[in-house]
Amino acid sequence: MAGQLDTFPRLLLDHAAHRGGRPAMREKDLGIWQTYSWRQVADQVRALASGLAALGFRRGEHLAIIGDNRPRLYWAMAAAQSLGGIPVPLYQDAATEEMGFVLAETDVRFAVVEDQEQVDKLLELRARVPSLQCIIYDDARGLRHYPAELLRHYDDVQKEGRAFDAAHPGFFADAVAEGRSGDVAIMLYTSGTTGHPKGVMLTHDNLIRTGRGGNEREHLTEDEEVLAYLPMAWVGDNLFSYTQGQVAGFCMSCPESSDTVPTDMREIGPTYFFAPPRVYENLLTQVSIRMEDASRLKRWLYAKFMDVARRVGTKLLDGQPVSFLDRSLYALGDLVIYAPLRNVLGLSRIRVAYTAGEAIGPDLFRFYRSLGVNLKQLYGSTETSVFVCIQPDGAVKADTVGTRAKDVEVRISEQGEVLVRSPGVFHSYFKNPEATREAKTPEGWFHTGDAGYFDDDGQLKIIDRAKDVGRLLDGTLFAPKYLENKLKFFPWIKEAVAFGDGRPYATAFLNIDLQAVGNWAERRGIAYSGYTDLSSREEVQALVQTCVEAVNQDLAQDAKLQGSQIRRFLVLHKELDADDGELTRTRKVRRRFIAERYAPLVEALYSDRASLPVEAKVKFEDGRMGTIRAEVKIRQAPVSQPASPLRAA
Amino acid sequence: MASPRPERLGGVLLEVKDVSLAFGGVKALHQVSFQVREREICAIIGPNGAGKSSLLNIINGVYQPMSGTISFAGVQRRAMTPRKAAASGIARTFQNIALFKGMSVLDNIMTGRDLKMHASLLAQAVYWGPAQREDIAQRRKVEEVIDFLQIQAVRKTPVGRLPYGLQKRVELARALAAEPRLLLLDEPMAGMNVEEKQDMCRFILDVNDEFGVTVVLIEHDMAVVMDLADRVVVLDYGRKIADGTPDEVRGDTEVIAAYLGVATEADRRAAGAAVG
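Chains B and V, in that order, are what the protein sequence lines are.
Under this note's numbering, think of the first position of the first sequence as 1, with each following residue one higher.
Under this note's numbering, think of the first position of the second sequence as 1001, with each following residue one higher.
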């Protein structure tokens, strides 16, 4: 029996048959959570699939899906898969240009979108995507007066589907039976730091086997609750919410809107959760800010018990021995601080919480673990269907990404690059055999492009992108991301961009965190008019300088990297922004692009200038272009000597 | 998308005829007449002190006109009170936000349903039977408005803690909760940034489009007026000096004179550019 459950539609039908009454999806409608059972979902998917078929959707064809996480968009995904089609979820905030590229490349004829905003984007792209012939929308608001030839309402398509189903009773079952586990189940575009995005084709087999392995490792069952709040176009959402849910039969809930996620988290209480480090960071920042405004007693209690948590919380979570007194103190702390805090954060019922994408600060990481939240890092990419390594329960080390996931082979190449072979390694890139050849060897090894090594416990440690690891003029190893991450671990610093490859010393651009520094400035009575003004304040510059100096002290303890301490740095006059192309959609800095765009500033870092006037073009959110003028100050940071041999780890 | 679609307009919904109002010796309005048709978006513009807010106050019964008549939906009312106006389907927002700052967004919008509540005070207090069912129905209506204006994230937030732009949106939500036929908006975009203004424009157009609500609004931002309005009524010193489509009004000599003082041919061209 289990051998046959090798495609998503078969899994769905199996759940409908065996746990038909259990919840499969939830969404909040008019303030009330509405639940769809597996049977209802299967029925809805069948209606939509039949409707798509009636409209002429063919096996192997792409279906573009654009919108927030909505059950109806996930049904569209399942409907396409049922017909042997390939769903292509797109980032809804993608620039029209990017979207046009993907739609044109896939010769999309059908798109399922959430509302008017996406319909507008698609209509705008009509000239570039002549193949587009049907836009199926969910929310009709504002669309009443639109030309009708291309547009169809989701409900109408389902209605047609039900009629089609009645006329061709065997159609749906036949379509599902025709699917093969080796068929492409989904195509996800990688953001790509250079050039056009690449379509990663993942098969049913890739995803389902990986999902099954993940479920086994963490003992996930049909009783889990997840919140599907990350973009549908991102492999993580597909795996953690859709794939693992379809495999285990657990329920996914869709937030009411992207702004209500914290509230929805509290109401749903997920047991299995993924968030990129910045989400955990934002949560902690909010807690810290609110604690500073709390009464003196509460602040005292918080400080006192967080000390206890820091001392023993992680040990308790890892099952290490803890004295009876500490155990009792922790239990008391749990009653007055930790449990209420977990509840406020929506983490009360968490069994497994993951993070990945960027390095997570050790303090931040320990904060959650000491509260009793089983936060773990994992390592993976779109091309590996996520799971490569996961931190094992009971042996979590903050600076590694853990041990290999089930059936995954990992090898370190001679150049230090991490290579992966697993059931999850992707089929190929869409229409890009050259890129596929570069990324995947004939034996099935995927080049991750990351530099790393296994430590003595067999846990993988990733230091940087292999191509970004460079050398200073004197030959010192320079791992920019490593420096940037260390800088970003400070709450005041939002983004950092390090330079140094082929240069005499390391330098950095910094962005302050407007929320955190703004709050800091407010408490000190420093008035400011906006980001540019605040970031150029002497007090703020001095604050940032202490962070850089602390990083240098830290680096001084590392025999390999002590030469790459940051000698000069500047605080940028504007926030790096994905809309300006400076960050990727997943908020990774595009170092090369930034270096080109701000070339005079980089040169100034390697001169003896103390400041430089700049003028920057910025694109406002409404699409207008504007100019920011400012005087950017350049500061020196002292170099630390390796002082305490105690910390030379 | 704001292209005028005259075929969508119905018959006359609101008729203001020869209305005059004075405060002591100051004439706020002098024999003002205009009509607003069903589903129309009508903007009232004019320099400061032209009598725009007074006119809105007369329409929803805050002030009584000294002479002249107001007809709404074919019914001429002599002594209009705000309560009667609300009951007959007129809702409004205010220039200086008038919300209950300490109450949640939800409760504030719920007050907009006040006139739709039928259960007795006692039944509501006991919260039993019909009162409970009614409350659920009212709440559903309020949730539809919350959904429409996309303020789900602040549903339970006290209004006083919200930024100004959002408070304006909550005020609009409360007005909409009353399911009005006519919506009076007193400077709905005052003090907003460009993005908030765009959102608000979108919402006003959507309200008009989806629910067929007729809108009379006072606005200073000419770009907004030109985008939104089907018709513009211009007041100056309490007199109506122009009334027509945005394009007609933009070229009107008297309007330019009211805004700029003189009207030579050169001024006229300059003003046309400025107003546009």
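Check each hint, because a few of them may be wrong.
What the hints assert, rightly or not - Okay, the calculated beta carbon distance ranges per label pair:
1) V/E1144 with B/E117: 42 to 50 angstroms
2) B/D93 with V/Y1164: 43 to 51 angstroms
3) V/S1120 with B/A173: 34 to 42 angstroms
4) B/D259 with V/K1101: 47 to 55 angstroms
5) V/E1144 with B/D259: 16 to 24 angstroms
6) V/G1010 with B/Q34: 46 to 54 angstroms
7) B/L297 with V/K1101: 25 to 33 angstroms
As the list claims (entries may be wrong) - Example chain V residues on the side facing chain B (calculated, C-beta under 10 angstroms, incomplete):
8) F1034
9) Q1035
10) R1037
11) E1038
12) D1107
13) M1110
14) D1114
15) R1140
16) V1142
17) E1143
18) Q1150
19) M1192
20) V1194
21) M1226
What the hints assert, rightly or not - Chain B residues, not near chain V, derived (Cβ > 10 angstroms throughout):
22) A16
23) A17
24) K28
25) L125
26) E256
27) D259
28) D363
29) L419
30) D579
31) I634
Rather than coming from a laboratory, the hints here were simulated on the basis of the structure.
Using N, Cα and C, we set each Cβ at its ideal position, and we do this for glycine too.
Results for each hint:
1. V/E1144 with B/E117: 42 to 50 angstroms: violated (20 angstroms)
2. B/D93 with V/Y1164: 43 to 51 angstroms: violated (25 angstroms)
3. V/S1120 with B/A173: 34 to 42 angstroms: violated (57 angstroms)
4. B/D259 with V/K1101: 47 to 55 angstroms: violated (21 angstroms)
5. V/E1144 with B/D259: 16 to 24 angstroms: holds (18 angstroms)
6. V/G1010 with B/Q34: 46 to 54 angstroms: Since the Cβ atoms of V/G1010 and B/Q34 sit about 36 angstroms apart, the hinted range of 46 to 54 angstroms is violated.
7. B/L297 with V/K1101: 25 to 33 angstroms: holds (28 angstroms)
8. F1034: violated (27 angstroms)
9. Q1035: violated (25 angstroms)
10. R1037: With a closest approach of 19 angstroms, the V/R1037 hint is violated.
11. E1038: violated (17 angstroms)
12. D1107: Violated, about 13 angstroms.
13. M1110: Constraint on V/M1110 not satisfied, violated at 12 angstroms.
14. D1114: violated (20 angstroms)
15. R1140: holds (6 angstroms)
16. V1142: Holds: closest Cβ of chain B sits about 9 angstroms from V/V1142, inside 10 angstroms.
17. E1143: With Cβ-Cβ at 4 angstroms, under 10 angstroms, it holds.
18. Q1150: holds (7 angstroms)
19. M1192: At about 13 angstroms, which exceeds the 10 angstroms cut-off, the nearest Cβ of chain B leaves the hint on V/M1192 violated.
20. V1194: holds (6 angstroms)
21. M1226: violated (17 angstroms)
22. A16: holds (30 angstroms)
23. A17: Per Cβ check, B/A17 is outside 10 angstroms of chain V; nearest 35 angstroms; holds.
24. K28: violated (8 angstroms)
25. L125: Non-interface label on B/L125 holds, nearest chain V Cβ at 18 angstroms vs cutoff 10 angstroms.
26. E256: For B/E256, whose nearest Cβ neighbour in chain V is about 5 angstroms away, the distance does not exceed 10 angstroms, so it is violated.
27. D259: violated (3 angstroms)
28. D363: holds (29 angstroms)
29. L419: Consistent with the label, B/L419 stays out of reach of chain V, its closest Cβ about 44 angstroms off (over 10 angstroms).
30. D579: holds (13 angstroms)
31. I634: At about 32 angstroms from chain V, B/I634 clears the 10 angstroms cut-off, so the statement holds.
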